[in-house]
Amino acid sequence: MTVRVGIIGASGYTGGELLRLLLSHPQVEVIQAASESSAGKYVYQVHPHLRGRSALRFTSRDTLQPCDVLFLAMPHGQAQQIINRCADLAPRIIDLSGDFRLRDFDVYARYYGAAHAAPDWLRRFVYGLPELYRDQLRSAHYASGVGCNATAATLAVWAAVKAGLLTPDQPLIADVKVGSSEGGNTPTEGSHHPARAGVVRPFQLTGHRHEAEVRQNLAACGDFDVRLAITSVELVRGVAAAVHVTLPAGLTERDLWKAYRDAWNDEPFVRIVHEKSGIHAHPEPRLLAGTNYADVGWDYDPATGRAVLLCALDNLGKGAAGSAVQCLNLMCGFEETTGLTWGGMYP
Amino acid sequence: MTIECVECGAELSLPPNVLVGEILPCSDCGVELEILSLEPLQVDLAPQEMEDWGE
Numbered sequence: 001m002t003v004r005v006g007i008i009g010a011s012g013y014t015g016g017e018l019l020r021l022l023l024s025h026p027q028v029e030v031i032q033a034a035s036e037s038s039a040g041k042y043v044y045q046v047h048p049h050l051r052g053r054s055a056l057r058f059t060s061r062d063t064l065q066p067c068d069v070l071f072l073a074m075p076h077g078q079a080q081q082i083i084n085r086c087a088d089l090a091p092r093i094i095d096l097s098g099d100f101r102l103r104d105f106d107v108y109a110r111y112y113g114a115a116h117a118a119p120d121w122l123r124r125f126v127y128g129l130p131e132l133y134r135d136q137l138r139s140a141h142y143a144s145g146v147g148c149n150a151t152a153a154t155l156a157v158w159a160a161v162k163a164g165l166l167t168p169d170q171p172l173i174a175d176v177k178v179g180s181s182e183g184g185n186t187p188t189e190g191s192h193h194p195a196r197a198g199v200v201r202p203f204q205l206t207g208h209r210h211e212a213e214v215r216q217n218l219a220a221c222g223d224f225d226v227r228l229a230i231t232s233v234e235l236v237r238g239v240a241a242a243v244h245v246t247l248p249a250g251l252t253e254r255d256l257w258k259a260y261r262d263a264w265n266d267e268p269f270v271r272i273v274h275e276k277s278g279i280h281a282h283p284e285p286r287l288l289a290g291t292n293y294a295d296v297g298w299d300y301d302p303a304t305g306r307a308v309l310l311c312a313l314d315n316l317g318k319g320a321a322g323s324a325v326q327c328l329n330l331m332c333g334f335e336e337t338t339g340l341t342w343g344g345m346y347p
Numbered sequence: 001m002t003i004e005c006v007e008c009g010a011e012l013s014l015p016p017n018v019l020v021g022e023i024l025p026c027s028d029c030g031v032e033l034e035i036l037s038l039e040p041l042q043v044d045l046a047p048q049e050m051e052d053w054g055e
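As they're listed, the protein sequences go chains A and B.
Note that this note's numbering has the first sequence beginning at 1, numbered continuously upward.
Note that this note's numbering has the second sequence beginning at 1, numbered continuously upward.
Next up, chain A with everything else stripped away, as it sits in the complex (with noise of 0.2 Å):
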């Protein structure tokens, strides 16, 4: 079986990076790609990467057709706007923004800084993380993407909340460095070259938004207190996420080894990287630019029980695109992994 996709919001980092991987997604045939800046032009002409893969022209939202499932890619805040036209054009949403990831409207007005623009339907959005949400992905008609450094956090700690070592009784402070990628394609101020080359520059420190996002993941296990700490570093592509807390008294290396294969071994996408020594030793964003994998790992001192839970992923691939694509395998009943095995490059 075959699927025919439209992407609106083609032209920024993650729907390049959708049309990446559906361009070579062997039950996909993407028949339209809307964007409103880049309409008329030639899909390579924006991401020059894909010259040769396709033949797509951008073209308007407003000339979309019907098809089977609509990425939204769009900036925050504008998929809310017209989800009621694109869900006529399509039974299948998924939205990569953040309009459509938390549950609760007045959570999402506090971190936004405005009103739902159309709140009846966040609780018909699935959260795209398949390592929390699977089951009600695969019959989900509409899913929302992720938060890149969300799933950073969530994924770093998600094994030890999940054994129980974790508990809502202390912080969950996570130091999260970040990409220049993260802030889309449109230039700033901040990613003007001279000013943002060689930087580790503090971001945002504290009340990002995606804190949110982690709180909500790990509400079925206790109302946990997320903190974020955002630094942009020298990366184009790619979040490390160390998440600092302490863990139960006793607690010994093989416990978390324990752990880590229980909530992991089955999962595809997500890897665990702990070694004694060695260059590797811990998760690397570096090695899985362009993948969809997230590694996980710890650094553990027994003496003190302090330990720090980490993550590495692509924030355009396992932080958004890749994980869209996951969902979307998903919800087709296609194998969860078509499309997204490729393993990235070394050195």
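To be clear, the hints were calculated from the coordinates, so they are not data collected in a lab.
Using N, Cα and C, we set each Cβ at its ideal position, and we do this for glycine too.
Errors might be hidden in some of the hints.
[As the list claims (entries may be wrong)] Pairs of lysine to aspartate or glutamate, DMTMM-like flavour, derived with a Cα cap of 20 Å:
1) A:Lys276 - B:Glu34
2) A:Lys258 - B:Glu11
3) A:Lys276 - A:Glu253
[Unchecked claim] Which chain B residues stay away from chain A? Per the calculated CB distances, all over 10 Å, these:
4) Ile3
5) Leu12
6) Pro15
7) Pro16
8) Leu19
9) Val20
10) Leu24
11) Leu36
12) Ser37
13) Leu38
14) Pro40
15) Val43
16) Gln48
With chain A fixed as given, assemble chain B onto it according to the hints.
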């Protein structure tokens, strides 16, 4: 024949004709395990050189 990694608990298959003193890496955590004896089968961490960037 299998052994359990003394570091992480992974179950590892031994190659045929394994020898005492042979060094085997763990497939999960990467530590090097040394075969100390075959009867009874005993393994332990092989000596490793560690990085120390704080010096």
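Each hint tested on the structure:
1. A:Lys276 - B:Glu34: 16 Å, holds
2. A:Lys258 - B:Glu11: 12 Å, holds
3. A:Lys276 - A:Glu253: Holds. A:Lys276 to A:Glu253 sits at ~11 Å (cutoff 20 Å).
4. Ile3: It holds; B:Ile3 is separated from chain A by about 15 Å at its closest Cβ, greater than 10 Å.
5. Leu12: 13 Å, holds
6. Pro15: 21 Å, holds
7. Pro16: 26 Å, holds
8. Leu19: Correct as stated: the minimum Cβ-Cβ distance to chain A is 24 Å, above 10 Å.
9. Val20: 23 Å, holds
10. Leu24: 15 Å, holds
11. Leu36: 19 Å, holds
12. Ser37: The claim holds: B:Ser37 sits with its nearest Cβ about 23 Å from chain A, beyond 10 Å.
13. Leu38: 24 Å, holds
14. Pro40: 21 Å, holds
15. Val43: 15 Å, holds
16. Gln48: 6 Å, violated
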